[in-house]
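Enquirer: Spelled out, the chains give:
Number of protein chains: 4
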Amino acid sequence: MERIEVKRITDVKLKKPILVEGLPGIGHVGKLVAEHMIDELGAKKIVEVYSSHFPPQVIVLADGSVRMVRSELYAVNSGKQDLLVLVGDHQSATNEGHYELTSAYLELAKENGVQRIYTLGGYGLGQLVEKPAVLGAVNNLALVEEMKRYGVAFKENEPGGGIVGASGLLLGLGGLMGIDGICLMGETSGYLVDPKSAQAVLTVLSKALNIDINMQALEDRAKDMEKIVARLREMEQTGMHEVASEEDLRYIR
Amino acid sequence: MERIEVKRITDVKLKKPILVEGLPGIGHVGKLVAEHMIDELGAKKIVEVYSSHFPPQVIVLADGSVRMVRSELYAVNSGKQDLLVLVGDHQSATNEGHYELTSAYLELAKENGVQRIYTLGGYGLGQLVEKPAVLGAVNNLALVEEMKRYGVAFKENEPGGGIVGASGLLLGLGGLMGIDGICLMGETSGYLVDPKSAQAVLTVLSKALNIDINMQALEDRAKDMEKIVARLREMEQTGMHEVASEEDLRYIR
Amino acid sequence: MERIEVKRITDVKLKKPILVEGLPGIGHVGKLVAEHMIDELGAKKIVEVYSSHFPPQVIVLADGSVRMVRSELYAVNSGKQDLLVLVGDHQSATNEGHYELTSAYLELAKENGVQRIYTLGGYGLGQLVEKPAVLGAVNNLALVEEMKRYGVAFKENEPGGGIVGASGLLLGLGGLMGIDGICLMGETSGYLVDPKSAQAVLTVLSKALNIDINMQALEDRAKDMEKIVARLREMEQTGMHEVASEEDLRYIR
Amino acid sequence: MERIEVKRITDVKLKKPILVEGLPGIGHVGKLVAEHMIDELGAKKIVEVYSSHFPPQVIVLADGSVRMVRSELYAVNSGKQDLLVLVGDHQSATNEGHYELTSAYLELAKENGVQRIYTLGGYGLGQLVEKPAVLGAVNNLALVEEMKRYGVAFKENEPGGGIVGASGLLLGLGGLMGIDGICLMGETSGYLVDPKSAQAVLTVLSKALNIDINMQALEDRAKDMEKIVARLREMEQTGMHEVASEEDLRYIR
Numbered sequence: 001m002e003r004i005e006v007k008r009i010t011d012v013k014l015k016k017p018i019l020v021e022g023l024p025g026i027g028h029v030g031k032l033v034a035e036h037m038i039d040e041l042g043a044k045k046i047v048e049v050y051s052s053h054f055p056p057q058v059i060v061l062a063d064g065s066v067r068m069v070r071s072e073l074y075a076v077n078s079g080k081q082d083l084l085v086l087v088g089d090h091q092s093a094t095n096e097g098h099y100e101l102t103s104a105y106l107e108l109a110k111e112n113g114v115q116r117i118y119t120l121g122g123y124g125l126g127q128l129v130e131k132p133a134v135l136g137a138v139n140n141l142a143l144v145e146e147m148k149r150y151g152v153a154f155k156e157n158e159p160g161g162g163i164v165g166a167s168g169l170l171l172g173l174g175g176l177m178g179i180d181g182i183c184l185m186g187e188t189s190g191y192l193v194d195p196k197s198a199q200a201v202l203t204v205l206s207k208a209l210n211i212d213i214n215m216q217a218l219e220d221r222a223k224d225m226e227k228i229v230a231r232l233r234e235m236e237q238t239g240m241h242e243v244a245s246e247e248d249l250r251y252i253r
Numbered sequence: 001m002e003r004i005e006v007k008r009i010t011d012v013k014l015k016k017p018i019l020v021e022g023l024p025g026i027g028h029v030g031k032l033v034a035e036h037m038i039d040e041l042g043a044k045k046i047v048e049v050y051s052s053h054f055p056p057q058v059i060v061l062a063d064g065s066v067r068m069v070r071s072e073l074y075a076v077n078s079g080k081q082d083l084l085v086l087v088g089d090h091q092s093a094t095n096e097g098h099y100e101l102t103s104a105y106l107e108l109a110k111e112n113g114v115q116r117i118y119t120l121g122g123y124g125l126g127q128l129v130e131k132p133a134v135l136g137a138v139n140n141l142a143l144v145e146e147m148k149r150y151g152v153a154f155k156e157n158e159p160g161g162g163i164v165g166a167s168g169l170l171l172g173l174g175g176l177m178g179i180d181g182i183c184l185m186g187e188t189s190g191y192l193v194d195p196k197s198a199q200a201v202l203t204v205l206s207k208a209l210n211i212d213i214n215m216q217a218l219e220d221r222a223k224d225m226e227k228i229v230a231r232l233r234e235m236e237q238t239g240m241h242e243v244a245s246e247e248d249l250r251y252i253r
Numbered sequence: 001m002e003r004i005e006v007k008r009i010t011d012v013k014l015k016k017p018i019l020v021e022g023l024p025g026i027g028h029v030g031k032l033v034a035e036h037m038i039d040e041l042g043a044k045k046i047v048e049v050y051s052s053h054f055p056p057q058v059i060v061l062a063d064g065s066v067r068m069v070r071s072e073l074y075a076v077n078s079g080k081q082d083l084l085v086l087v088g089d090h091q092s093a094t095n096e097g098h099y100e101l102t103s104a105y106l107e108l109a110k111e112n113g114v115q116r117i118y119t120l121g122g123y124g125l126g127q128l129v130e131k132p133a134v135l136g137a138v139n140n141l142a143l144v145e146e147m148k149r150y151g152v153a154f155k156e157n158e159p160g161g162g163i164v165g166a167s168g169l170l171l172g173l174g175g176l177m178g179i180d181g182i183c184l185m186g187e188t189s190g191y192l193v194d195p196k197s198a199q200a201v202l203t204v205l206s207k208a209l210n211i212d213i214n215m216q217a218l219e220d221r222a223k224d225m226e227k228i229v230a231r232l233r234e235m236e237q238t239g240m241h242e243v244a245s246e247e248d249l250r251y252i253r
Numbered sequence: 001m002e003r004i005e006v007k008r009i010t011d012v013k014l015k016k017p018i019l020v021e022g023l024p025g026i027g028h029v030g031k032l033v034a035e036h037m038i039d040e041l042g043a044k045k046i047v048e049v050y051s052s053h054f055p056p057q058v059i060v061l062a063d064g065s066v067r068m069v070r071s072e073l074y075a076v077n078s079g080k081q082d083l084l085v086l087v088g089d090h091q092s093a094t095n096e097g098h099y100e101l102t103s104a105y106l107e108l109a110k111e112n113g114v115q116r117i118y119t120l121g122g123y124g125l126g127q128l129v130e131k132p133a134v135l136g137a138v139n140n141l142a143l144v145e146e147m148k149r150y151g152v153a154f155k156e157n158e159p160g161g162g163i164v165g166a167s168g169l170l171l172g173l174g175g176l177m178g179i180d181g182i183c184l185m186g187e188t189s190g191y192l193v194d195p196k197s198a199q200a201v202l203t204v205l206s207k208a209l210n211i212d213i214n215m216q217a218l219e220d221r222a223k224d225m226e227k228i229v230a231r232l233r234e235m236e237q238t239g240m241h242e243v244a245s246e247e248d249l250r251y252i253r
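Sequences listed follow chains A, B, C and D, in order.
If you're matching positions, the first sequence starts at 1 in our numbering and goes up one per residue.
If you're matching positions, the second sequence starts at 1 in our numbering and goes up one per residue.
If you're matching positions, the third sequence starts at 1 in our numbering and goes up one per residue.
If you're matching positions, the fourth sequence starts at 1 in our numbering and goes up one per residue.
For the record, the hints were derived by calculation from the structure and aren't laboratory data.
Watch out, some of these pointers could steer you wrong.
[To be verified] Now the in silico label distances, taken between C-beta atoms and shown as ranges:
#, chain 1, residue 1, chain 2, residue 2, range
1, A, 145, C, 141, 52 to 62 Å
2, A, 107, B, 177, 52 to 62 Å
3, A, 63, B, 131, 18 to 28 Å
4, D, 151, B, 125, 43 to 53 Å
5, C, 6, D, 219, 48 to 58 Å
6, C, 234, D, 219, 50 to 60 Å
7, B, 224, D, 62, 21 to 31 Å
[Said to hold, decoys possible] Some but not every residue of chain C turned toward chain D, in silico, with C-beta under 10 Å:
#, residue
8, 96
9, 141
10, 151
11, 154
12, 156
13, 160
14, 166
15, 169
16, 183
17, 228
18, 229
19, 230
20, 231
21, 235
22, 236
23, 237
Every residue gets a Cβ at the ideal spot worked out from N, C-alpha and C, and that includes glycine.
Excised from the complex, chain A in its bound form (with noise of 0.2 Å):
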C-alpha cells in the first residue's frame, strides 16, 4: 500500500465548483455541515483517499460490516452552484501526513478547477454557548469584507493557537497554490458535538454559497442535543452523575 491511495469512483463534470471542507475536529462541527450538506443535496462520491497516515484501524459499521478508514470526496452538480464536498472518518495520525494529505486534496481540488475553498470547524470556547458565532480566517485579506457579509465575525489574535489540521492547512498551502480560502469555525463548547453550532456555520455558509438548504435535520438534532444537555445539568446540580443513558452518550461521544 502507498502511503496515499486515491481511488476514483466516478467522474462528475463540474462548473467551477467550490470545495466544502468537513473532517472531523473540535464538537464535529464541520463534519455534521459538510455531512448534513451531502444528505440534502444529493451528492454523489466521486473519490476515495486511504493511508497509511490514518489511524491503523477500521470502521464497524451498523450492519456488522467493516471498511478502512478513508476521506470521500462528494460532487454537487446543482443548478446555481456546483460544489465538491470533502468528508471522512479521521485527520491523519502523523505529523507529516497531515501536509501529504492536504497536497492530495488540493491537488484533487485543482483538476476539477477549484477556486474557493470553505473549511469548517469548531472553535471551542470551553464552556457551553447560548449563541454560537461564526468565526472566519481567510488565506487572502480581500476576503475579509465579503465575508462579514454574510455574518462572519473577525476577532483580533483569534483563534490564537492558530487553527490545526485540514481546515488550516487547505488554507495555508491553497494560498501557496492560489486557491483562495476561507475557514469558517462555530463557537463551541468544545465537550459534545454540537449541532447547533453546525446550524450557525450552515446558515452563514448558505449564503455565502448562494444556495438554499434544508435544515431540519440539523435542526431536530440540535433539540435532541439541548434535552441531553438540560438533563445533564440536572444530574450535575443533583449529583446524579452515573444515570446518564447509553442513548445519551452515545451522542456526546
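Given chain A, work out where chains B, C and D should sit, using these hints.
Expert: What follows is chains B, C and D alone, placed relative to chain A:
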C-alpha cells in the same frame, strides 16, 4: 535491515488455505486461540517476518536465549481444511507500520491462495464476564448470516471504536484485494489474559472451519485463571493487595 | 509538498555576514532578540522555509488572514557588519526534522558566506531572576576567551541537559562544517516570556557584533512584564488567582 | 545530513576483536563499565557515528564547548585479547532508529572481524541491591554453560520484558548474521547511577575476556555513591528531602 524482512523457513503446498490471525491484543484472546491451534494441529512454521516497525527489543526465552521480535506464519496441512496461522510477539509500534506489516501478511496470504481470513481478538467490557459472547465483524455483508449460524453475535455499532491493528486492517485491506474476512472478538474484561474468552472464540471458529480441536489445554488455563481471579477478589475484600504471588502475576501480565 | 521547501524572496549581496538565530524556545528570549533586531535594523526578508516537519497548522494574523507555519531569513546590509537573522514560528515537531531543518538553515548560511553563527535562547532557572546573566557555549574552544570579554559567563557543565533544538544543532552541525558557533543563553524563569532576559542577551550580542541597537522597545516590554509579574505576585499573596486580565495573559502565553 | 553518518577517525588493525557495548541504559551500568574500560585500557577512538535518530541536541562539555550527540567506537590493541568498545551519549530517539543504528554498529563490527559481542546493561529491581548478581542472556544456547562458569546467572523468563535497545538488538540482529552475543545485566535499583553494579558486571566480563582491569576508579565511585545513598536514607527518615547538595544530585542524575 529493510523495514520488513520476510524469511522463508520451509515450503508447504496448501489447498485453498484459510488464514487465521492471532496477534497480541486485548486479553490476548486471539493469541491464545492461535497458539493453541498451532500446538493442537501440529502446524509447521513456514515464514518469519522481521521489521523495524516492531518494538526495538529482543524476546528472552526460558532457556536464557534471545531472539528478535517477529511474526510467524504456520501451515496446517490437515485432511479437511488447510490453514495458515499468523502469530507474533507484538503489533507494530509505529502508525504506518501497521499498514505495511498488514500488507506484507496479505502478500503472503495471496501467494498461498488464501480466499478467506479469520482475525481473532478480545472485546473489552471493563468488567469480568461470566459467559463471554463472540462478536463478529465482516468485510463482506454476505458473511453475516453464515457467521450467525456458528453462534457469532452482531451488535449494532459495536465495537464503536472500530477494530484497531492487524485484526482490523487484514479485513479492511484484504477486502480491497477481494479476500473475505471475518473478525471474531471474544468478550473479555480487558484486564487479564483470558483463556475462557479464548475458548468461546475457538468454539465458534472450529465450527466455522469444520475442524475438531481438543480444548483441554485452554480449559485448564481457564480454570487456573478462575482460581487466580477468585483469590484476587478475596484479597480485594480483605485489603490484602500486596500478597499476590509472583506466579499469579505471570498469568495476569 | 517536499519535506522542506525553500522559497527565495529577494537577493541581497552580503559581505561576510554573521548569522543570528532566534527561533522559539525557553522564555522566547531568542525570538524576542531576533525580532527586535529585524525591526530596529530594517532587515529585509530574503528567504522563507516551509516544512512538513513543522506543526500541521496555520498561523492566524491580527487581520484575520492566515499563513503557513514557516521560518524566515532576513538580511541586514548595514555599514559595519552584515547580518543574517533567522526567525520562525515553531521548531520542528519531529525528531529527524530538527536535523533536516538545521541542515537547510546551514545550507543557506553557507551560500551566503557565513563564517560565524550566534544562536540565542533562554536558560530556565525555575524561579524569577533579578539580574539575568548570559551563559555561553561554543563549538570552538578558541571562542571562549573572546566571549568572556563581551560579558558571557561559562559555568562548568551548564546547561547540563545539553542545548536542544536549532540553537544547539546549528552549533553542532555547523562545527562539523567548519563554521564557528556561539550560543548565548539569557537566564530566565522559564515560565514567562522574558524581555528582560532578552535585553541582557542583546547587550552582549551588540558588543560582540560591534553594532549599536536601540533597546527602547525591549525595555518597554520588560517594564510592562514587570508590572504584570508584580500583579501576579500580589494576587498570589491575596489568593486572587482568577483575576488576571486577558491582556495580562497575552503577555504570559 | 544522512540519517546515519559514520566518520572514521583512525585505522587500527585488530586480531579477532570482541565487541563490548556500553550505551546509556538502566543505572548507566553498561556505560560505566565501557567508559572505565576505555580509560583503563588506553583505548583509541576509531569511529564516530552521527544520526538524526539521536535526540536533537548537542552535549555541553565542562569547558563550555559543545558537540553533536554521537556514538563512538574505541579499539583496544592489548597483548591478550583485542577489543572494540562501543559507547555513546544516547540511544535512538525513534523506533526504527534503534534498528538502523544497531545495523550500522554491526556493519562496523563485521568490517573489523568481530565474532563475539558482549552487551552490558542494568537490570532494574525497583529496590536497592546489596550484592548485585549479573544476569545473562545469549543469542546462541551453546554460550550458557560458558557464561555460568564466569559467574553469570540465568533465571527463567528474566528479564520478562525482553531486552530493549541496542543491548538487545545487537544480540538479535547479530545472531541473524551469525555473530555470537551475550548480554550481561547487573542487578540495580534502577533509580540511581550504579557503579557497584558496574563493578559486578566488570568482574564477570574481565573473567570472560581473560583481561585484568584495575577497578579502583569504579570502586571509588561506588563508595561515593554509598555515602550519598546513606545520606538520602537519613534525610528520608528525618524528612529533610530538600537539602541534597548540588554535588549529590549530579551523581544521581
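Enquirer: State for each hint whether it applies.
Expert: So, going through the hints one by one against the coordinates:
At roughly 59 Å, the beta carbons of residue 145 of chain A and residue 141 of chain C sit within the given window of 52 to 62 Å. Remark: the range hint 52 to 62 Å for residue 107 of chain A to residue 177 of chain B is contradicted by a beta-carbon distance near 25 Å. For the hinted restraint 18 to 28 Å between residue 63 of chain A and residue 131 of chain B, the CB-CB distance of approximately 25 Å keeps it satisfied. In this structure the hint that residue 151 of chain D and residue 125 of chain B lie 43 to 53 Å apart at CB holds, the actual value being about 49 Å.
Remark: the range hint 48 to 58 Å for residue 6 of chain C to residue 219 of chain D is upheld by a beta-carbon distance near 56 Å. The supplied range of 50 to 60 Å is met by residue 234 of chain C and residue 219 of chain D, whose beta-carbon atoms lie about 55 Å from each other. Evaluation of the 21 to 31 Å hint for residue 224 of chain B and residue 62 of chain D yields a failure: the beta carbon distance comes to about 57 Å. Annotation: interface hint on residue 96 of chain C holds; nearest CB of chain D at approximately 4 Å, less than 10 Å.
The criterion of a C-beta within 10 Å of any C-beta in chain D is met by residue 141 of chain C, whose closest approach is roughly 5 Å, and the hint holds. Restraint check, residue 151 of chain C versus chain D: the minimum CB separation of about 14 Å is more than 10 Å; hint violated. Interface hint at residue 154 of chain C: satisfied, since its Cβ lies 4 Å from the closest Cβ of chain D, which is below the 10 Å cut-off. Look at residue 156 of chain C: its Cβ gets to within about 5 Å of chain D, closer than 10 Å, so that hint holds up.
At about 7 Å, the closest approach between the beta carbon of residue 160 of chain C and any beta carbon in chain D falls short of 10 Å, and the interface hint on this residue holds. Checking residue 166 of chain C against chain D by beta carbon gives a least distance of about 8 Å; that is within 10 Å, so the hint holds. Residue-level restraint check for residue 169 of chain C holds (minimum Cβ-Cβ distance to chain D is 6 Å; threshold 10 Å). For residue 183 of chain C, the interface hint holds, since its Cβ comes within 10 Å of a Cβ in chain D; the closest pair sits about 7 Å apart.
At about 29 Å, the closest approach between the beta carbon of residue 228 of chain C and any beta carbon in chain D exceeds 10 Å, and the interface hint on this residue is violated. About 25 Å separates the beta-carbon of residue 229 of chain C from the nearest beta-carbon of chain D, more than 10 Å, and the hint is not met. Against a cut-off of 10 Å between C-beta atoms, the interface hint on residue 230 of chain C is violated, since the closest Cβ of chain D lies about 27 Å away. Restraint check, residue 231 of chain C versus chain D: the minimum CB separation of about 29 Å is more than 10 Å; hint violated.
At a threshold of 10 Å, the smallest CB-CB gap from residue 235 of chain C to chain D is about 26 Å, leaving the interface hint violated. With 10 Å as the threshold, the beta carbon of residue 236 of chain C stays out of range of chain D, its nearest partner Cβ sitting at about 21 Å, so the hint is violated. Violation of the interface hint for residue 237 of chain C is found here, the shortest Cβ-Cβ separation to chain D being roughly 22 Å, above the 10 Å cut-off.
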